[in-house]
Amino acid sequence: MTQSSQSSVRVRFAPSPTGYLHIGGLRTALYCYLFARKHGGQFLLRIEDTDRERYVEDAEQDIIEAMRWAGLSYDEGPGLGGSHAPYYQSQRGALYRQYAQQLLDDGHAYYAFDTPDELQAMRDRAQQEGNDAAKYDAVTRMQMKNALTLSEDEVQSLLDAGAPHVVRLKVPRSEMVRFEDLIKNEVTIASSRIDDQVLLKSDSMPTYHLANVVDDHLMEITHVIRGEEWLPSTPKHILLYQYLGWTPPKMAHLPLIMSPTGGKLSKRNAEKMGIPVSVHQYRDAGYEPEAVINFLAFLGWNPGTEQEVFSLDGLVDAFSIDRVGTSGVQFNLDKLRWFNEQHLRQLPLDDLLRRITSPLQAHGYDPDEAYLRRVVGLLHDRMKLAEDLATLYPYFFEDPTTYDEKAVKKRWKDDSSVLLTAYADRLEQAESFTEETTEAVLRALAEEHEAGAGRIIHPTRLAVSGTNVGPSLFGMLGVLGRETCVRRLRRAVEVLG
RNA sequence: GCCCCUGUGGACGAAUUGGUUAAGUCAUCACCCUUUCAAGGUGAAGGCUGCGGGUUCGAACCCCGCCGGGGGUACCA
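For what it's worth, the working numbering labels the leading residue of the first sequence as 1, then goes sequentially.
Calculated from the structure, these hints are not laboratory results.
Predicted model, so just to flag it, every value in this text is computed and none were measured.
A virtual CB, placed ideally from N, CA and C, is assigned to each residue, including glycine.
Worth double-checking, as some hints may not be accurate.
Computed Cβ-Cβ distance ranges for the label pairs, DEER-style [said to hold, decoys possible]:
1. E53 - G263: 18 to 28 Å
2. L119 - E57: 25 to 35 Å
3. Y365 - E436: 23 to 33 Å
4. K267 - G481: 26 to 36 Å
5. G93 - D368: 48 to 58 Å
6. A94 - G325: 22 to 32 Å
7. D51 - G481: 35 to 45 Å
Once the Cα atoms are required to be at most 27 Å apart in a straight line, the calculated DSSO-like pairs of lysine-lysine come out as [unchecked claim]:
8. K384 - K406
9. K250 - K264
10. K184 - K272
11. K267 - K38
12. K184 - K38
13. K201 - K145
14. K145 - K135
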């Protein structure tokens, strides 16, 4: 890297608590984190709670917990403090107002008193006249009720009378606004395309644009890494930096995550595809945080080598912003499952046990540890999700209540009752009950009846598990134990005849 | 509509930066292994690198024009 890697890099993840942290948000956070750590810099969390209408009470807690779960630790932020506190925009109002005032004083911003109805009327008018966009800009602002069209006295008396008003950015009529994006390279937009953006809302809260620029500067952010949906408004930010006399940070806009049905992965179209949206849903479904992180890292980035399975630290090592792609990437649940399987498999037994407990309990199972260890030993290599134990292999925790219909049809034969009864009898009397003995007993029995071993193996699996798929039969029997196996064999004979 | 970003098999993506038969992973299919299903192993199918022009001895890569996809166009972020 040409970048002198020490120190100065500061990156922030700045979510808005308008909902639970979603998977796309976590990816943005991850890239911020990777970049910061890669360069030995700081990673901070800032809560952008300027929208009172959409504020969600427990969203902030959810965001913090999701970051912790994912292992994305930050150096400054809520609960931690830091030299640039507070990290809540709702607590920094005075700052934004101060800089808005500076912009006002310098003639780069102005008061506007238009009501929502008047704005709507202006847009309707513009549309009727066939103007391509209904903008509040260098042309239309002269027809509106603002400090540019009203006299100084009128403005003052409106202000004194407490008339609702906003502060708008005075965007130049025609200027080329240019910036260098670390991912998209050079981007240029004509200022005539930019709205006179509201900076301070009538409730005196800042909009994203003002708050973001002020905070990024004050918090000494060196790199703004965020989703591509922000690319078109970046020129406004560049203008703001310029008018405030500040040097803008480096910009990097991440490609969007798409739904398999097309379009940005939103809550709605994701759920339609059975894709969990909130990070906590992944946790609850038993996905490994390392796997989710690994998967997310590869959504728009790759190391350029064959290696795909990475730990978080490994990703930090391998990460480089210039290997981030430029086009939108489709979310692929299959690939996530594969990553999950990879990570699950390399998890030491003790760690695996810890992660398996809560999904089990969620399904009402609370096996003792020694038993669980044996079950997991048998199933470790077959698991794709921590939840699988409860959903795919419930029979390790309770007797099957039904028998899979197709399996019965295929595996339950005329001689099954006789054979299983005999097998149950022998198992009951066998000297020991292990993987080896259950197999030896079964094979001997099959031979005596001049039947293939499968004649007993398959119905036994059905009787014991209720289905015809699963791990090695004898290993399974050994784990379940004599009493359980015999009971289930006899019950199957009773039910299936 | 207008503005911005973008386009390599079904999905993700590599390609020493203009160099010859366009990697690999997921998914699919087949075979092997096997008491079943996975896993694992081996292999297959799937591409005029969106389309059309150009530049060049040579283009996925550079230029032009189309077309497609996405985002933005709020007193939301």
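Against the structure, the hints:
1. The supplied range of 18 to 28 Å is met by E53 and G263, whose beta-carbon atoms lie about 25 Å from each other.
2. For L119 paired with E57, a C-beta distance near 30 Å keeps the hint of 25 to 35 Å intact.
3. For the pair Y365 and E436, the beta carbons lie near 28 Å from each other, so the given range of 23 to 33 Å is met.
4. A C-beta distance of roughly 46 Å is found between K267 and G481, which places it outside the suggested range of 26 to 36 Å.
5. For the pair G93 and D368, the beta carbons lie near 55 Å from each other, so the given range of 48 to 58 Å is met.
6. Judged by the Cβ atoms, the range 22 to 32 Å given for A94 and G325 is violated: they are separated by roughly 41 Å.
7. About 58 Å separates the C-beta atoms of D51 and G481, a value inconsistent with the hinted range of 35 to 45 Å.
8. Straight-line distance between C-alpha atoms of K384 and K406 comes to about 24 Å, which keeps the hinted pair within the 27 Å bound.
9. A hinted pair counts as satisfied when its Cα atoms are at most 27 Å apart, and K250 with K264 qualifies at roughly 25 Å.
10. With a CA separation close to 31 Å, the supplied pair K184 and K272 exceeds the 27 Å bound.
11. A distance of roughly 31 Å separates the Cα atoms of K267 and K38; the hinted pair therefore is violated under the 27 Å criterion.
12. Between K184 and K38 the CA atoms are separated by roughly 20 Å; this keeps the pair inside 27 Å, and the hint holds.
13. At roughly 16 Å between alpha-carbon atoms, K201 and K145 fall within 27 Å of each other, so this suggested pair holds.
14. A distance of roughly 15 Å separates the Cα atoms of K145 and K135; the hinted pair therefore holds under the 27 Å criterion.
Checked against the numbered hints given earlier, the structure breaks hints 4, 6, 7, 10, 11 and satisfies all the rest.
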